[in-house]
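Student: Protein chains in written order, with this note's numbering: chain L, 1 to 395; chain Z, 1 to 88.
FYI, nobody ran anything at the bench for these hints, they're computed from the structure. Remember, it's a predicted structure, so these values are computed and weren't measured experimentally. Positions of the beta carbon are idealized from the N, C-alpha and C atoms, including for glycine. Among the clues, some could well be false.
[Stated by the list, open to error] Label-pair distances were calculated between CB atoms; the ranges are: (1) L:Ser56 x Z:Met1: 40 to 46 Å; (2) Z:Thr16 x L:Arg241: 56 to 62 Å; (3) L:Gly71 x Z:Asp50: 28 to 34 Å; (4) Z:Ala51 x L:Ala155: 37 to 43 Å; (5) L:Pro112 x Z:Glu76: 45 to 51 Å.
[Unchecked claim] Here are a few chain L residues that sit away from chain Z, every Cβ distance over 10 Å (derived from the structure): (6) Arg97; (7) Ser208; (8) Asp213; (9) Gln214; (10) Lys221; (11) Glu224; (12) Glu247; (13) His248; (14) Ala280; (15) Ala335; (16) Glu379.
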Amino acid sequence: MREVMTGNYASAYGAKLARAEVIAAYPITPQTSIVEKLAEFVNTGELRAKFIPVESEHSAMAACIAAETAGARTYTATSSHGLTLMHEVLMWASGARLPIVMTNVSRAMAPPWSVWVDHMDSVAQRDTGWLQFFCQSNQEVLDTTIMAYKICESARVMLPAMIIEDAFILSHTSEPVDVPDQRLVDSFLPSYSPDLKIEIGKPMGFGSLVKPDQYMEFRYKAMEAMTAAHDRLLAVEREFRDVFGREHGGLLERYKCEDAEVVLVAAGSVAATAKDVVDALRAKGHKVGLARIRSFRPFPDQEFKALASKVVGMAVLDRSYTFGAAGAMFTEVKASVYSSQKRPVVKNYIAGLGGRDITPKTIEKIFEDISIVSRRGLEDEVEWVDVAGLPRRWR
Amino acid sequence: MTKSYEEIPLTPISSTPSTMNLTGLWRVVKPVVDKSKCKKCTICWKYCPDAAIKLVGGEPVIDLMYCKGCGICSFECPAKCIVMVKEG
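Model the full assembly from the supplied sequences, consistent with the hints where possible.
Tutor: So this is what it looks like as structure tokens:
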């Protein structure tokens with residue numbers, strides 16, 4: 001059934017359709033309406049779940065870890081400073097191999113204080129062992145929530161997942177969303193029953209101390225699981241398409257990349273804008289494409305290597321900046337294509353921090369720039385886009 | 001013996017309680033209670049971070065299987081009746 005809803009309601013409907021059994025959350029702008037809606041579902045009896053209000057995001061994740069250890073399917077949502085407060089327990093969730101699903105409404109880090117979109121909060125958690133899925137539409141937010149449980153709960157993965165929706169651009173903007181039938185979701189996503197869980201009358205300690213002689217083997221297993229998540233995502237999405245008639249492009253969505261000379265690499269809602277720009281530029285005869293990072297963890301390494309052999313230039317747009325290095329997506333794309341046989345020119349564009357609009361005109365100028373530097377060679381590897389005081393004009 | 005990654009569970013799980021670890025073996029000094037000075041205030045019992053003090057008839061008895069010899073009981077005792085003595 002198609003309904004007009006915000007990205008936040010799409011998240012709430014996703015968790016409801018997945019029949020989350022325990023929801024523990026703390027409100028933060030712009031995530032609040034996700035958990036408000038879920039609290040309403042629980043209150044009216046539409047969703048049979050235990051709703052735990054907590055005193056901080058650290059506690060929210062700790063409650064999810066405990067409930068998941070007891071064999072419950074759990075859900076939480078947060079944003080920005082809430083996510084970074086969770087950092088310690090995010091590591092615990094993945095090391096304990098608990099397939100928790102969480103929405104992060106991606107928002108800039110302060111100071112300067114900001115409630116608007118950028119990806120610094122999410123990118124800062126990339127090493128926590130969570131799967132990270134960036135979404136470009138409200139439909140994708142809902143669908144990815146359902147798919148995430150199926151990917152994460154499979155025996156070969158057993159890792160948590162973070163679904164990333166851009167602050168306000170998705171979280172508070174309404175779009176038509178197809179809300180799938182509960183019976184179809186139930187047939188797609190079976191109930192959660194892990195092999196090992198805490199049970200009454202059978203005391204066990206989880207996450208025990210291991211000495212240096214055994215630690216690495218546990219980390220190796222988690223590495224294998226994250227690697228397996230790559231193929232598992234593709235398989236789950238194929239199955240999703242067969243049941244619901246939709247798909248969202250695997251780990252790296254390639255839009256008009258087949259004969260492209262230069263491509264823009266981006267994640268999140270800006271990718272949807274970039275598709276319009278690609279269409280407009282193609283109408284004028286420019287061979288451009290878009291490669292959208294949908295899964296940042298696991299990273300689409302083999303997809304980038306394959307793409308690198310076909311194009312002469314890659315413009316990597318980062319909506320965050322790693323001080324002392326460059327945009328995180330840029331450094332990862334560059335590392336990935338380094339060992340491919342043919343290496344394109346790769347340039348980093350830092351744009352849209354703290355909710356600054358990335359307009360079609362700006363994206364068009366990035367395409368122009370990457371086309372030029374692909375032929376003439378790079379001057380600066382990293383360029384900040386649309387900063388007042390810098391000579392270059394981007395819109 | 002290090003087990004192969006294929007033989008271990010997803011995350012370390014113990015089926016025995018942590019009381020199996022006799023932490024008293026770490027101790028280099030031990031608390032000795034002078035019962036003639038003890039006021040039975042139970043402050044030592046409340047402060048012991050390892051729950052290694054039992055109250056018997058209101059008086060503290062140190063469980064030396066678990067007491068690590070941290071000295072907090074001795075420091076907190078208002079009657080100054082607990083002294084730390086070097087293990088022989």
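Student: Range first: 40 to 46 Å. Now tell me if the beta carbons of Ser56 (chain L) and Met1 (chain Z) are that far apart.
Tutor: 42 Å, holds
Student: Okay, Ala51 (chain Z) versus Ala155 (chain L) on CB: inside 37 to 43 Å?
Tutor: 39 Å, holds
Student: Does Ala335 (chain L) clear chain Z by more than 10 Å, comparing its Cβ with all Cβ atoms of that chain?
Tutor: Label holds. Min Cβ-Cβ 26 Å, cutoff 10 Å.
Student: Hey, is Ala280 (chain L) genuinely clear of chain Z, shortest beta carbon separation above 10 Å?
Tutor: 49 Å, holds
Student: Should the label of Glu224 (chain L) as a non-interface residue stand, given a Cβ cut-off of 10 Å to chain Z?
Tutor: Per Cβ check, Glu224 (chain L) is inside 10 Å of chain Z; nearest 8 Å; violated.
Student: Decide, holds or violated, for the assertion that all CB atoms of chain Z are farther than 10 Å from the CB of Gln214 (chain L).
Tutor: 6 Å, violated
Student: Can we confirm that no CB of chain Z comes within 10 Å of the CB of Glu379 (chain L)?
Tutor: 47 Å, holds
Student: Beyond 10 Å from every Cβ of chain Z: is that where the Cβ of Arg97 (chain L) lies?
Tutor: Given that some Cβ of chain Z is not farther than 10 Å from that of Arg97 (chain L), nearest at about 4 Å, it is violated.
Student: Go ahead and decide if the range 56 to 62 Å is satisfied by the Cβ distance of Thr16 (chain Z) to Arg241 (chain L).
Tutor: 48 Å, violated
Student: Grab the minimum beta-carbon distance between His248 (chain L) and chain Z and tell me whether it stays above 10 Å.
Tutor: Holds, because the least Cβ-Cβ distance between His248 (chain L) and chain Z comes to about 28 Å, which exceeds 10 Å.
Student: Over 10 Å from every CB of chain Z: does Glu247 (chain L) meet that, or does the non-interface label fail?
Tutor: 30 Å, holds
Student: Any Cβ of chain Z at or closer than 10 Å to Lys221 (chain L), or is the non-interface label fine?
Tutor: Incorrect as stated: the minimum Cβ-Cβ distance to chain Z is 5 Å, not above 10 Å.
Of the numbered hints listed earlier, those contradicted by the structure are 2, 6, 7, 8, 9, 10 and 11.
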